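The chain contents come next:
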Amino acid sequence: MLLSIKNLHASVNGKEILKGIDLEVNNGEVHAIMGPNGTGKSTLAAVIAGREMFEVTEGRVEYKDKNLLEVPVEERAREGIFLGFQYPVEIPGVSITNFLRTAVNEVRKSRGLDPMSGGEFLKMMEEKKKLVEIHSNLTNRSVNEGFSGGEKKKNEIFQMAMLEPTLAILDETDSGLDIDALKIVANGVNKLRTKENAFIVITHYQRLLEYIIPDFVHVLFEGKIVKSGKKELAIELEAKGYDWIRKENE
Amino acid sequence: MAGESNKILNDFTQTEYKYGFVTEIEMEMAPKGLNEEIIRYISAKKNEPEFLLEFRLKAFRYWLTMKEPHWANIKYPVINFQDIIYYAAPKKKKQIGSLDEVDPELLATFNKLGISLAEQKKLSGVAVDAVMDSISVKTTFTETLSKQGIIFCSFSEAVQKHPDLVKQYMGSVVPYTDNYFGALNSAVFTDGSFCYIPKGVRCPVELSTYFRINAANTGQFERTLIIAEEGSYVSYMEGCTAPQRDEHQLHAAIVEIIAMKDAEVKYSTVQNWYPGNKQGKGGVFNFVTKRGICKGNNSKISWTQVETGSAITWKYPSCILLGDNSVGEFYSVAVTNNQQQADTGTKMTHLGKNTRSTIISKGISAGMGNNSYRGLVRISKNAVNSRNYSQCDSLLLGDQCGAHTFPYIEVGNKSSIVEHEATTSKISEDQLFYCQQRGIGMESAIGLIVNGYAKEVLNKLPMEFAVEAQKLLSISLEGSVG
Numbered sequence: 710m711l712l713s714i715k716n717l718h719a720s721v722n723g724k725e726i727l728k729g730i731d732l733e734v735n736n737g738e739v740h741a742i743m744g745p746n747g748t749g750k751s752t753l754a755a756v757i758a759g760r761e762m763f764e765v766t767e768g769r770v771e772y773k774d775k776n777l778l779e780v781p782v783e784e785r786a787r788e789g790i791f792l793g794f795q796y797p798v799e800i801p802g803v804s805i806t807n808f809l810r811t812a813v814n815e816v817r818k819s820r821g822l823d824p825m826s827g828g829e830f831l832k833m834m835e836e837k838k839k840l841v842e843i844h845s846n847l848t849n850r851s852v853n854e855g856f857s858g859g860e861k862k863k864n865e866i867f868q869m870a871m872l873e874p875t876l877a878i879l880d881e882t883d884s885g886l887d888i889d890a891l892k893i894v895a896n897g898v899n900k901l902r903t904k905e906n907a908f909i910v911i912t913h914y915q916r917l918l919e920y921i922i923p924d925f926v927h928v929l930f931e932g933k934i935v936k937s938g939k940k941e942l943a944i945e946l947e948a949k950g951y952d953w954i955r956k957e958n959e
Numbered sequence: 192m193a194g195e196s197n198k199i200l201n202d203f204t205q206t207e208y209k210y211g212f213v214t215e216i217e218m219e220m221a222p223k224g225l226n227e228e229i230i231r232y233i234s235a236k237k238n239e240p241e242f243l244l245e246f247r248l249k250a251f252r253y254w255l256t257m258k259e260p261h262w263a264n265i266k267y268p269v270i271n272f273q274d275i276i277y278y279a280a281p282k283k284k285k286q287i288g289s290l291d292e293v294d295p296e297l298l299a300t301f302n303k304l305g306i307s308l309a310e311q312k313k314l315s316g317v318a319v320d321a322v323m324d325s326i327s328v329k330t331t332f333t334e335t336l337s338k339q340g341i342i343f344c345s346f347s348e349a350v351q352k353h354p355d356l357v358k359q360y361m362g363s364v365v366p367y368t369d370n371y372f373g374a375l376n377s378a379v380f381t382d383g384s385f386c387y388i389p390k391g392v393r394c395p396v397e398l399s400t401y402f403r404i405n406a407a408n409t410g411q412f413e414r415t416l417i418i419a420e421e422g423s424y425v426s427y428m429e430g431c432t433a434p435q436r437d438e439h440q441l442h443a444a445i446v447e448i449i450a451m452k453d454a455e456v457k458y459s460t461v462q463n464w465y466p467g468n469k470q471g472k473g474g475v476f477n478f479v480t481k482r483g484i485c486k487g488n489n490s491k492i493s494w495t496q497v498e499t500g501s502a503i504t505w506k507y508p509s510c511i512l513l514g515d516n517s518v519g520e521f522y523s524v525a526v527t528n529n530q531q532q533a534d535t536g537t538k539m540t541h542l543g544k545n546t547r548s549t550i551i552s553k554g555i556s557a558g559m560g561n562n563s564y565r566g567l568v569r570i571s572k573n574a575v576n577s578r579n580y581s582q583c584d585s586l587l588l589g590d591q592c593g594a595h596t597f598p599y600i601e602v603g604n605k606s607s608i609v610e611h612e613a614t615t616s617k618i619s620e621d622q623l624f625y626c627q628q629r630g631i632g633m634e635s636a637i638g639l640i641v642n643g644y645a646k647e648v649l650n651k652l653p654m655e656f657a658v659e660a661q662k663l664l665s666i667s668l669e670g671s672v673g
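Chains A and B supply the protein sequences, listed in that same order. Mapping of the first sequence onto our numbering: residues 710 to 959, in sequence order. Mapping of the second sequence onto our numbering: residues 192 to 673, in sequence order.
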């Protein structure tokens, strides 16, 4: 099992957001997490990534059979956890090339490898750009500076392609995208799927899941996973709306 | 979230100041104190012509009538000017003809600093004039440059070989009456660089100088003079290091630049003087007067500085835009960490028509550092159609440091445009988390973000300096306290 979450409770500023999450993700699987606004989807993503702002008050999270909760953020990343942010932040003056090169080399360093040569790195960038259909000029710019919403999301997928994570959590990667951008993002994700890695796709809408076919769909409601199923659940949810979930959990 | 950011920024250990070592060479020193005798001693030791001794004495007598200024936003203990040695030179055994004859201990020092003169000569094509305390070691490249009529030598050598040029231009941009520390420098200056580019010549190499303050209690009073004749171009780089000391060391320098018609001078500085320890003990006091005059039409002077060292920095590289269409630029990154203080900025004085000036100042405050930008943009009545753009940004790391801005704007005509923008920011926790989530450690993340912040200025540095400057920025922020 790649990721195992048992009875996870987490708070921010003293307010409890996650109220007992259970989730199991195996290698090669795609899990979709859906739910109305404010139910804790992004919080779950942040807690798995290791954001200190959230306090874990109860429960266990195991990744590759080790306790993840004791591991600091950057080490979780080096262990292969990637978070595609819902609102990627801007870092003015830092080019994407420079940013990713630093990241890639720090990961390599943690594995006892030498840093990649400039030439090797640029070659890898060209490969991945083609793979996820990103334009050249995007990568010359500063990280997310002046990017449109769609460009920011594509940039997240590009970074994912460069870092080759084992567990990728995509937090509402589809929000703010038009249908063409959505297809590009979905294609990118699909091309990166292997038997070894796994994806947690957080989304509001069923639409993305027509392109990224999930193995499992979970509905997160008021801090708990209240329903799980296969991809058909997403279609049922689309038809019945979140009120259906609300009524069931009154 | 302030608490969290501070905790994150707190989790460093301070690295030892890398350049804290002393060279054990026989030094020849004047007795402590400042009076006419000492000045005559210095002048005699350097075998100076009469006019220069006169200049020194006039400056000294004037200095005695002046009062030390205290308007800057900095606090420092009282300086006892009598408790300083004003002249220290390594004892030379014989005349230095080539690098082989240079004191091997001296050469070893330069190697430690990372400037092997021989290497420089072979690889980078940069001429190096290495100033060791108050004496300059033989300049390399003199022969190559002199073929084009370019003079690049120590100030002392220029006094001997080109006294007319020195007499004509020295003090023409910064008269000894200008300010307290300028007067002091004019009285006791020991050495520095002299550079003369003849008409129409584009200097083919970056000219560079390294300084060191070595013996205890010696103030460094260097004096640099750069003259760019009509249509010429030169790029000059100044980089400084100093050894670890417990007593404060005074550094009062003067740099004068004269740019004639159609000439351009780029002056770049990377400054890394000992900043004092975490408790604010020791460290260099850097009180500098740097000024350039765009004398001829269409001339241009550009100051670029990366200031990470010194306990106290007090300097305002400035431009007098006399010629019509002349251009003045000031790009600065100033870091104050631990207990450092800086009051720095620029003065752009527009006198000619259609003159332009650009000011980009990036202050970075960390620890309990206090960083002030002080700028004057003065557009005189006759400087019609002139334009200034100023951007002062402050970055605060932690909640104990300070950033202040004191912009002065005086516009004397209706056809000119002055723009001023200012921002204050912190490294956001979101930015740090974003970097960390990509596997980038905290130290590297701060280095990345700060270098990105300072990029606009770093891009103005010559390539050789830009790399050193980036590393310096990251190193100077290690141990930044939240």
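No lab work stands behind these hints, which were simulated from the structure alone. Some hints here could point you the wrong way.
Under 10 Å between C-beta atoms, here's a sample of chain A residues computed to sit facing chain B [as the list claims (entries may be wrong)]: (1) Leu-732; (2) Ala-755; (3) Val-765; (4) Asp-774; (5) Leu-778; (6) Pro-801; (7) Leu-831; (8) Val-852; (9) Gly-855; (10) Ile-888.
Derived EDC-like pairs: lysine to aspartate or glutamate, alpha-carbon spacing no greater than 20 Å straight-line [what the hints assert, rightly or not]: (11) B:Lys-544 to B:Glu-610; (12) B:Lys-617 to A:Glu-854; (13) B:Lys-646 to A:Glu-799; (14) A:Lys-900 to A:Glu-931.
The structure displayed is predicted, hence computed values, not measured ones. The beta carbon of each residue, even a glycine, is placed where N, CA and C say it ideally should be.
Hints and how they fare:
no. : hint                   : result
1   : Leu-732                : violated, 20 Å
2   : Ala-755                : holds, 9 Å
3   : Val-765                : violated, 15 Å
4   : Asp-774                : violated, 21 Å
5   : Leu-778                : violated, 16 Å
6   : Pro-801                : holds, 6 Å
7   : Leu-831                : violated, 18 Å
8   : Val-852                : holds, 8 Å
9   : Gly-855                : violated, 14 Å
10  : Ile-888                : violated, 28 Å
11  : B:Lys-544 to B:Glu-610 : holds, 18 Å
12  : B:Lys-617 to A:Glu-854 : holds, 17 Å
13  : B:Lys-646 to A:Glu-799 : holds, 15 Å
14  : A:Lys-900 to A:Glu-931 : violated, 33 Å
Checked against the numbered hints above, the structure breaks hints 1, 3, 4, 5, 7, 9, 10, 14 and satisfies the rest.
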